[in-house]
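S.K.: Sequence:
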Amino acid sequence: MRAYHFVGATLRDGREIPEDGEWLEHESLVAMCESGLHASRHPFDALQYAPGATLCLVDVEGVVEDQDDKLVARRRRIVRRVDATALLREFARWCVLQVIHLRDAPAVVREYLETGREDLRTAAWAAAWDAAWDAAWAAAWDAQRAKFAEMVNAAFGMEER
Numbered sequence: 002m003r004a005y006h007f008v009g010a011t012l013r014d015g016r017e018i019p020e021d022g023e024w025l026e027h028e029s030l031v032a033m034c035e036s037g038l039h040a041s042r043h044p045f046d047a048l049q050y051a052p053g054a055t056l057c058l059v060d061v062e063g064v065v066e067d068q069d070d071k072l073v074a075r076r077r078r079i080v081r082r083v084d085a086t087a088l089l090r091e092f093a094r095w096c097v098l099q100v101i102h103l104r105d106a107p108a109v110v111r112e113y114l115e116t117g118r119e120d121l122r123t124a125a126w127a128a129a130w131d132a133a134w135d136a137a138w139a140a141a142w143d144a145q146r147a148k149f150a151e152m153v154n155a156a157f158g159m160e161e162r
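Under our numbering, the first residue of the sequence shown is numbered 2, with each subsequent residue one higher.
Calculated directly from the structure, the hints in this document are not laboratory data. Glycine included, each C-beta is placed from N, C-alpha and C at the ideal position. Every clue listed holds true.
What follows is a list of derived Cβ distance ranges for each label pair:
hint, residue 1, residue 2, range
1, Thr86, Glu160, 50 to 60 Å
2, Ala124, Ser36, 42 to 52 Å
3, Leu58, Glu28, 16 to 26 Å
4, Glu151, Ala32, 52 to 62 Å
5, Ala87, Glu160, 52 to 62 Å
6, Glu17, Glu112, 38 to 48 Å
7, Asp131, Leu103, 11 to 21 Å
8, Glu119, Phe45, 22 to 32 Å
9, Thr116, Phe45, 20 to 30 Å
10, Ser29, Leu103, 46 to 56 Å
11, Asp14, Leu58, 15 to 25 Å
12, Trp24, Phe45, 18 to 28 Å
Let the sequences and hints guide you as you build the complete structure.
M.R.: And the structure:
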C-alpha cells in the first residue's frame with residue numbers, strides 16, 4: 002500500500018534513515034503509537050506527526066492497524082523522498098492567507114505571504130511579532146490597570162468607579 006511518512010535526521014528510535022528502496026522490518030510487537038513502522042494514507046495526516054521536513058512516499062506491508070489518520074505496519078520502504086521545507090512554507094503561507102482578512106496584518110506580512118519572497122521573511126516575522134506583542138501588552142496593561150483599581154478600591158473600602 003502507498004502512504005506518506007515524514008522523517009527528521011534519524012528514525013524515531015535513533016536508527017539511520019534507510020536508502021530509498023530498502024525495506025525496514027519491525028520484528029517485535031507492532032502497536033499503534035507504540036511500536037512498528039507508521040505512515041499515513043494522506044500527506045496532510047502525515048504532516049501532523051512530522052519530526053522533520055523530509056517527506057517520503059512509502060510502501061507499507063503487513064499493516065496491523067489502520068486508523069483514519071495513520072497506520073502501523075510491520076514493513077515499510079521509502080520509494081521517494083523530498084525536502085519539503087519550501088513546500089511546507091508555501092502551505093503555511095496559504096493557510097494564513099485563508100484567514101488574514103480576520104486581522105489587520107502589517108503590509109510586509111501580507112506581501113511576504115502573497116509572494117514568498119525570502120528577503121521579506123525576517124521583516125514580516127518581526128512586524129508580526131511586534132503586532133502580537135503590542136496586542137498582548139495592551140491586553141495585559143488593561144487587565145493590570147483594572148486589577149490595581151479593584152485592589153485600591155478595596156483598600157479604601159470603596160466600590161468600583
